[in-house]
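Just so you know, the protein sequences line up as chains A and B, in that order. According to my numbering, the stretch in the first sequence is residues 5 to 290, in order. According to my numbering, the stretch in the second sequence is residues 3 to 347, in order.
Note that these hints are calculated values from the structure, not bench results. Treat the hints with care, as some may be off.
[What the hints assert, rightly or not] Pairs of lysine-lysine residues, derived as BS3-like cross-links and limited to a Cα-Cα distance of at most 30 Å, are as follows:
1. A:257 / A:222
2. A:222 / A:91
3. B:206 / A:91
4. B:284 / B:42
5. A:91 / A:141
6. B:16 / B:220
7. B:284 / A:222
8. A:91 / B:284
9. A:141 / A:257
10. A:91 / B:220
11. B:16 / B:206
12. B:42 / B:89
Just so it is clear, the structure is predicted and the values come from calculations on it, not from any experiment.
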Amino acid sequence: MLTILFDGVAYGMLLFVLACGLSVTLGLMNFINLAHGAFAMAGGYCTVILVNRLGVPFALGLPIAFLVTAVLGGLFERTLYVHVYAKPHLDQVLFTIGLVFMAVAAVDYTMGSSQQFVQIPDALQGQFNVFGIGMGKYRLLIIAICGLLTIALQLMLSKTRFGSRLRAAVDDPRVARGLGINVGAVFGITFAFGSGLAGLGGALGAEILGLDPTFPLKYMIYFLIVVTVGGTSSITGPFFASILLGIGDVAGKYYVPKLGAFVIYAIMIAVLIWRPQGLFARSTAR
Amino acid sequence: MTSAAANEVAAYLKRRARWSPLEIAFWVFAFATIWLFPGKYLILKDTAILALFALSLDLILGYAGIISLGQAAFFGLAGYFSGLVAKYGIINEPLLALIASGLAAAALGFVTSFLVLRGSDLTRLMVTLGVSLMLGEVANRYSNITGGADGLQGVDIQPILGRFRFDLYGHNGYVYCLIVLFICFVLARRVVYSPFGLSLRAVKGNPLRAAAIGIPVKWRLVAVYTFSAGLAGLAGALLTQTTAFCSLDVFSLDRSADLLLVLIIGGTGYLYGGLIGAVIYKLLQDWIANLTPQYWQFWIGLVLVVIVLAGRERMQGWIAAARGALEDATARVAARPAKFASDRQ
Chain A
5 MLTILFDGVA YGMLLFVLAC GLSVTLGLMN FINLAHGAFA MAGGYCTVIL VNRLGVPFAL
65 GLPIAFLVTA VLGGLFERTL YVHVYAKPHL DQVLFTIGLV FMAVAAVDYT MGSSQQFVQI
125 PDALQGQFNV FGIGMGKYRL LIIAICGLLT IALQLMLSKT RFGSRLRAAV DDPRVARGLG
185 INVGAVFGIT FAFGSGLAGL GGALGAEILG LDPTFPLKYM IYFLIVVTVG GTSSITGPFF
245 ASILLGIGDV AGKYYVPKLG AFVIYAIMIA VLIWRPQGLF ARSTAR
Chain B
3 MTSAAANEVA AYLKRRARWS PLEIAFWVFA FATIWLFPGK YLILKDTAIL ALFALSLDLI
63 LGYAGIISLG QAAFFGLAGY FSGLVAKYGI INEPLLALIA SGLAAAALGF VTSFLVLRGS
123 DLTRLMVTLG VSLMLGEVAN RYSNITGGAD GLQGVDIQPI LGRFRFDLYG HNGYVYCLIV
183 LFICFVLARR VVYSPFGLSL RAVKGNPLRA AAIGIPVKWR LVAVYTFSAG LAGLAGALLT
243 QTTAFCSLDV FSLDRSADLL LVLIIGGTGY LYGGLIGAVI YKLLQDWIAN LTPQYWQFWI
303 GLVLVVIVLA GRERMQGWIA AARGALEDAT ARVAARPAKF ASDRQ
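Same shape as in the complex, but just chain A (with noise of 0.2 Å):
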């Protein structure tokens, strides 16, 4: 029982590292970026070529998966992102799909459609065993990574100066234009902060979520519903969204096997019939 706690927390975690640059986008530009997974899967792949064939460390080869897909991002961003944001949201969907299906094949093409594991040092292999819960010494890393970074992003998001110029272009883009913040460049930096933490937890994930050329497709539905029922305006109610899709998911999955994914597809419509704008969502929200 408090294995599968443990577990769900872990995945969680990971759901919202992967996630959180999505709530982001959304939330800023309102942008619909059924991409985000992409950059999830670029910085696993980067990882297993890094790992497995060139021989990196693994402790090296996750920042290096963060700035390669950050860079990735940003490329994408000011290249071609730009010119799809003033666009309905019709078009913002299918220019992400077809993103997505680009992706997967050209992942297909370069590296083959079987699934690909990342060589983890054998340090963190294994169980610790506390109290009668075995607990993953892989999934602690990834909750201890995954929790700095969490209230890393909360301090940037509150303390520093370019947390408060992101927050005053999410909550109104033409204000903050009016008082000299270049919003286009804040959000691009986002965009690729973003973009390189889903590298990041794809990097971590490969091991848990599994890495093949669908990864994309198979997990957007995931992001999609740590946004949607977390609310696009705060960084706490994606991360709580993604905890209790974590739990929901591993419990779910262990109770009741075949019918896993249903519970979770029916809490969150429940959820978006009952709160449209995201479970933690301030009232004020446009």
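The hints should help you fit chain B onto chain A, whose structure is shown.
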């Protein structure tokens, strides 16, 4: 005064609803394909089914402005429904089974329409997607009934009306799909050109103002969503009946996403968009799949990205211009014999 205005409106609607020569030519050609391409029945049949499916999405997307990624829910439900009733011999006659499947899908559409009415575009997207994924999970869960991942096998479809057997070459299957498509098209056309259809356009343009001039926005949307679900269901049932098979991928996201692409290629908001889009999409898919069998998805994705970046409106403008030119040409051709006749006198 009021009766004059009413007459004017009635005359306007009638004028709008008239079948243009180009439309007639389109359908004549569509039925001529039965004799023109005898070796291509399978792809033609798939195109007809896809066209019907796209037509159903166009009704809610192009006319009512509801973005949906879950049209596959109705497609899949009716697909399984028609497969199951045929397998267990509940309704043996395919035509009756088809209608029943359509009604089942419409019922699901009616129930879920209330979920879709709320919230923003994103919420709608998630709810429609969620519904279709949930149905997929249910179908997977009750694999003893649906066959699960292996698909629904052992479906034996009886001859249509007890006379026309589904043959190996797909001739009867194609004719059957084409006739159903045509009937559904005429129905949809009737709906779109009615005052009801006009009110939908008003709702799409501005729901608030539409409500202010007395249009019951909510019920109009419920009605069109239900109707569209029924059409999508017919498409799903046709697929199961003509292939005697149904698998879990009827509920997949890819199916709904492809459908959006079909509609975007053809253009939203006029009924032929779905049909033309389906033809182009199938040709494109066939062509690309021949070039690179495994990676055709990449090129489909590229097409999507390019369409959006090039500007959907601009492209639709070209299509509309081409359509206008064609219509002019056909009108001139149609007018010529009459002119000859009058000259001779």
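Hints, one by one, checked against the model:
1. A:257 / A:222: At roughly 16 Å apart (the allowed maximum being 30 Å), residue 222 (chain A) and residue 257 (chain A) satisfy the hint.
2. A:222 / A:91: Satisfied, since the Cα-Cα distance of roughly 26 Å is no more than 30 Å.
3. B:206 / A:91: The given pair, whose Cα atoms are some 17 Å apart, holds under the 30 Å limit.
4. B:284 / B:42: holds (12 Å)
5. A:91 / A:141: The hint is violated at about 46 Å.
6. B:16 / B:220: holds (27 Å)
7. B:284 / A:222: Holds: residue 284 (chain B) and residue 222 (chain A) sit about 25 Å apart, inside 30 Å.
8. A:91 / B:284: Holds - the C-alpha atoms of residue 284 (chain B) and residue 91 (chain A) are around 27 Å apart, at most 30 Å.
9. A:141 / A:257: holds (22 Å)
10. A:91 / B:220: holds (26 Å)
11. B:16 / B:206: holds (22 Å)
12. B:42 / B:89: holds (28 Å)
Of the numbered hints stated above, the single one contradicted by the structure is hint 5.
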